[in-house]
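Asker: Take these sequences, add in the hints, and give me the full structure.
Numbering (our numbering), first residue to last: 1 to 633.
No lab work stands behind these hints: they were computed from the structure.
As the structure is a computational prediction, the values presented were derived from the model and not from experiment.
Keep in mind that the hints are not guaranteed to be accurate.
Below, computed lysine-lysine pairings styled on DSSO-like, alpha-carbon distance capped at 27 Å [to be verified]:
1) K468 - K241
2) K468 - K222
3) K221 - K192
4) K241 - K147
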Amino acid sequence: MFEIKIVYAGGKAESGSLSDIESKLKKGKALAIKVEGDLKDISMIGQLGDDTVLEAITFDSAEGKEIFRHSTSHIMAHAVKELFPEARLAIGPSTEEGFYYDFDLERTLTPEDLARIEERMSEIIKSNNRFGRKVMARKDAIELFKKAGENYKVELLNEITDEEVSLYEEDGFVDLCRGPHVPSTGVIRAFKLLSIAGAYWRGNEKNKMLQRIYGTAYDDKKGLNEYLTFLDEVKKRDHRKLGRELDLFSLNEDIGPGLILWHPNGAIIRRAIEDFWRDEHAKADYKLLFSPHIAKLDLWRTSGHWDFYRENMYSPMEIEEIEYELKPMNCPFHIQVYKSNLRSYRDLPVRYAELGTVYRYERSGVLHGLLRVRGFTQDDAHIFCREDQIEEEVVRVLDFTVFVLRTFGFDKYDIYLSTRPEKYVGSPENWERSTEALKHALELKGLSYSIDPGEGVFYGPKIDIKVKDSLNRAWQCSTIQVDFNNPERFDVGYRGSDGREHRPIMIHRALMGSLERFFGILVEHYAGAFPLWLAPVQTAVLTIAERHADYALNVAGRLRAEGIRVESDLANEKIGHKIREATIRKIRYSVIIGDKEVSEGLLSVRRRNGENLGSMAFEDFLGLIKADIKLRR
RNA sequence: GCCCAUGUAGCUCAGUCGGCAGAGCACAUCCUUGGUAAGGAUGAGGUCACCGGUUCGAUUCCGGUCAUGGGCUCCA
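Answerer: Dropping the structure here:
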């Protein structure tokens, strides 16, 4: 008997004959199938042999989402072509969260156009057109698209090496596509077009700028709504918005783009982070140092930055006929400190750390709040060690990184190991050994990682750690880089046990990356409601009426004397108003002072979430607040 | 840097098809002294980003510059 077995992602399986397998797949919400590792359209089941085992691909899998959204992007292109026949099609892939399609179109698309396109898409979906697959000779396809004036498709076809290509058609709309696609347009239950942006053809700025429409699609309204709610939450947490509302920092047109003003509230948080950072580095046996903001240009020639990194550096300035340069990196300074003395193998490893402020020229279009700026402070360190010490040092750095990131509530990470790129310095053996050392270190710590082949810096392999924030977004912060190049360039050495000079290895590492960026990430991670040890205002003292002012000021004074950051609100306003203000300012504890508190000599304490802790003695409240601070919660 | 959009009060935003510029919040003063997320009244506050052009007249139209935002690319 002719039988086909269907396996679902969850492990569920069923079998059927060729005649009823299609309806079974449909019932199982399959979008496509996978046979022997190859993704295929459901319509291709006719070509399957007896006793085939096929995997049903549903929206739940990454592959399913990709197919689903890719199909939606075709529907969008279809709608755009109908509304704007002069549009030329470029590419329309799925992305992690949705899809996009690039169009070459004279007319500038507007948000109103998006609404029209959405409307037309809904109609196409309602018609439930079948996605039909057609295979044809590549040269025939070129003819076809040439005739249609689709020059971008022709360009793509000219680069494809296969002699046969596949096209997909749905109600007269034909597009070049590898597939597979969902069976018909009707399965797209929920979609939304999100934005219009410019994008270069093939991402190359030498090419023409196209118009890109971003959108997303889900197999039910619920999924889409959840995603839209997520986008909303992202907007609410935007550090630029919260930065203004909480008076944390600002950018200023008169000062310059990408240059940050830290306001008192932001500065308190930064100080708390820095104090923590310095204390912990001292404990971890790093030596802390400071270095200047400018140095002679020759230093950057020696380091190679002037050759390799010039486009990101500010222009040199001439002083007494010598060129000086604003520093884009801290490493040359640390190297000079290392070189200020003769070093023995007994001294290694030497660990230098600095909160070093650097300036890098970033193209104006990439600047973004605190996340991408031109002046920033790196939590930088350089470890000088012997090659056989790399692994142990990297293990220490990994432990340290995890500890620091955990302190800020980051418990989940994605770790990447980047290997040798095409352009590199040092011997392949060096690369091999240090890459292995990084691998061993990661494995020793039981940290799972992915390999980014060829993504290492030219001077050595590296480990990058991306933290996952409370919305599960990944942010690259920490980096650990092995460097064979700079010790060479600066002729760095140490006296070995054999009495001869040897070359140490340098490890560059940053845990938070840049304070500006890390701070921005923290604002979004905590949605502005910082744990108490970071909070600019740890408690607010609110009075019910004016006669309570003296008592309130006394309470605030005693808290301040205990090192608590406290503000009092004696304004002529109702208590509800004051509580609202404190809540909006994300102050965790409000102390309320009225007749009752004054007569009993107590405090009434309210948490920001509305929880009323009732009356308590000053000492009890102090204990509560100090416990939060100590536990960094 | 490039494409597109935006720039009006401290903030969020209306508005002027070219004719003395508006709201809410915030701020100030006064009234109210109120018990857990917005009490009331009055008032002050703007070279409509900047520079130039067209015009009797420009915040509005045109050109340029700067800044911000969404992307492309790059990265901490």
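Asker: Any hints this thing doesn't respect? Which numbers, in order?
Answerer: Failing hint: just 4.
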